[in-house]
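Number of protein chains: 2
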Amino acid sequence: MSFSPSTPAALPPEGEPGRVFIGDVTTEAGAVIPDVTVEFERWGRLNDDCSNVILLEHALTGDAHASGPSDEYHPTAGWWNGMIGSARALDTDEYCIICTNVIGGCRGTTGPSSPHPDDGKPWGSRFPAISVRDTVTVEHLALQELGISRLQAVIGGSLGGARALEWSLMHPDFVGKALVMCVGARASAWQIGIQSAQIQFIESDPDWHGGDYYDRGVTPTRGLGFARRVAHLTYRGELEMDDRFGAAAQPGENPLGAMRTEDRFQVESYLDHQAKKLAQRFDAGSYVVLTDTLNRHNIGRDRGGLNEALHSSTVPTMIAGVDTDILYPFHQQEHLARNLGNCMGLEKIESAVGHDGFLTEFERVDSIVRNFLARDVS
Amino acid sequence: MSFSPSTPAALPPEGEPGRVFIGDVTTEAGAVIPDVTVEFERWGRLNDDCSNVILLEHALTGDAHASGPSDEYHPTAGWWNGMIGSARALDTDEYCIICTNVIGGCRGTTGPSSPHPDDGKPWGSRFPAISVRDTVTVEHLALQELGISRLQAVIGGSLGGARALEWSLMHPDFVGKALVMCVGARASAWQIGIQSAQIQFIESDPDWHGGDYYDRGVTPTRGLGFARRVAHLTYRGELEMDDRFGAAAQPGENPLGAMRTEDRFQVESYLDHQAKKLAQRFDAGSYVVLTDTLNRHNIGRDRGGLNEALHSSTVPTMIAGVDTDILYPFHQQEHLARNLGNCMGLEKIESAVGHDGFLTEFERVDSIVRNFLARDVS
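If you're matching them up, the sequences are chains A and B in order. Going by full-length UniProt numbering, the first residue of the first sequence is number 1, and it counts up by one from there. Going by full-length UniProt numbering, the first residue of the second sequence is number 1, and it counts up by one from there.
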């Protein structure tokens, strides 16, 4: 379902995809992306003065489908199912929840697999690099196009947390408050290292074709699978994984035989499954663009450094993190909380799950979101 | 320099490679490896009753060269330089230190790049899988061949720690005491996941040729490089890496440009360098065999489970680990110390360096080794 710029505030039915067209976008690094489309979903009624909006920011391979079942259009169930609805933490009786698909993605918003306006062929290698700030610029334009000029709150984890944090710094007058989860003030060297390795796996796949594989009938599935396996190991705590799989063999396979074979441990089968699932639902070009986006995350850039940027923040911001996160270790959230100009508090999620805890630890995150929204910050 | 089985206790000059021939070895899983050679180095004089030997166990890509400069024969300087010598922690005035190259390796001991006795061509895919117990079996035979029937101590970290631990369980009467560093009682699911991914990178390289690339004039350098980049990120603490590289660009390159290019962050250049260095000095076939060895590490196998195996241990064993190790997290060393039948104590190495701390935190490790050796356990 699409909406033209002439019908501001025309929202799609609850949980169905809508689109806004925001025209040309110039990136932080100076590239121009013409005719940008932004896909979004919404839950809850937009009130008359458009003042009850909460913006949800998804993570790397997420999309606008934060809530609802999987169906023909949605390859996955909502990534925050159970959080959104009447009397839920994100209460649709009170708020209008909007979740936009990030620019560079592959679920409706313009990205490398989208048709280029010049020739209708996929952007591919022509698609520019996207910074976290660019993702906010695009959302800011999209919300304005929808007639929304103020957010009650912005909420996100991981890449979504980086986006929420940049929202609070780029548009402090637009954002009532921010909940920033499982991220740091900038990409760390370790993150850049592991993320760049993933990009390299994809770009080294012979089926990548320099990013222009779309019309060749091939996809760099192997490279994307390599990336996902490694990424998944950074998303999941080793305690939780060991609890589930230990050193058990995959049923019917013997990874302890006299010769090395393709027989697997259970955890290998699990990672193979994760790799296969992602390749079925996610574009490798988007994976490269958005992984590079994570590498570029640095709120200190052109703001006098990390701590000066954090000190300058005026938006009431709550920080949350998981104690076993190895990708964005908890000390990064402590750093944010210690230095933010207007920090509402720091919530530690005790969980064996690691980074993905903001998606899986439902009861704890539910309570964090409720407390965050209930707090009077006026 | 080689030594025939007929000259037991004939040791090479200090710090020069020696070899022993131990004949056929049957692996834990039932494969037979004929005509096994074991390369070793030694420092300090073997006393008349061969009772002053300390066995050093190297890690995955280490070798017998624990001490000394790099030279024509040794691609790297000793991996524990400074620890071995007169009045050093491993005091050559008192002890005869022996370090053997592990079976499956590529620095003198029989491995996949060694000539197969049948045809003189590299073993390649014919080389069987090696368990940690197999590495101990081979060393046990090699030491006996040298006339040594008792060790003052066995010491190792990482794969070397796994080997030291198995020594204490397989041959308790042979081992005076054991210092086991930076390892757990078995491979965790997370370790198996990240290690299997590395194997997959190499085995998917078109230059791998099923493990039989040796005579084709190619080496699976790209796959080995992928493996090393990821492995290195598990060896190094993210605090230390961030301290060194942060989000800085490699001089002369701009990873923040408008389009994605091959311009790198400094940490990428560092990882590229690590990958290149390893490919120059280490055989991909050995990397696969020994990474699989790490996957097979499980002291509970056929011993009634982990804790029963640990409880049964009689060898006085000291455990050490690094607080920031993400590959073998410190709780794994706590688990060892808590359950070992005869634990001498648990040493926590506080370091930003992560897993590699047992190689880099010289003063702390020096003190641990001195205390370990000074303790009377008779």
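Hints are not guaranteed to be accurate.
Which stretches of chain A does chain B cover? Using the computed rule of at least three CB atoms under 8 Å from a CB of chain B, they are [to be verified]:
(1) 26-40
(2) 178-188
(3) 197-210
(4) 251-263
(5) 285-292
The following residues of chain A were derived to be distant from chain B, with all beta-carbon distances above 12 Å [as the list claims (entries may be wrong)]:
(6) Ser125
(7) Glu238
(8) Asp242
(9) Pro329
Simulated from the structure, these hints should not be mistaken for laboratory data. Remember, it's a predicted structure, so these values are computed and weren't measured experimentally. Glycine included, each C-beta is placed from N, C-alpha and C at the ideal position.
Now the hints, each set against the structure:
Counting residues of the segment 26-40 of chain A whose beta-carbon sits less than 8 Å from any beta-carbon of chain B gives 4, enough to reach three: the coverage restraint holds. A stretch counts as covered by a chain when three or more of its residues have a beta carbon under 8 Å from one of that chain; for the segment 178-188 of chain A and chain B the count is 3, and the coverage holds. As drawn, the segment 197-210 of chain A meets chain B at 4 residues by the rule of a beta-carbon pair under 8 Å; at three or more, the given contact holds. Only residues whose C-beta sits within less than 8 Å of a C-beta in chain B count toward coverage, and the segment 251-263 of chain A has 6 of them, enough to reach three; the restraint holds.
With 3 residues having a Cβ less than 8 Å from any Cβ of chain B, the segment 285-292 of chain A passes the three-residue criterion, so the hint holds. In this structure Ser125 (chain A) is not separated from chain B by more than 12 Å, as the shortest Cβ-Cβ distance comes to only about 8 Å. The beta carbon of Glu238 (chain A) is not kept farther than 12 Å from every beta carbon of chain B, the shortest such distance being approximately 4 Å. Non-interface call for Asp242 (chain A) relative to chain B: violated, since the shortest CB-CB distance, roughly 5 Å, does not exceed 12 Å.
With a least CB separation of 6 Å from chain B, Pro329 (chain A) falls inside the 12 Å interface cut-off, contrary to its annotation.
In this structure, the hints that do not hold are numbers 6, 7, 8, 9, in rising order.
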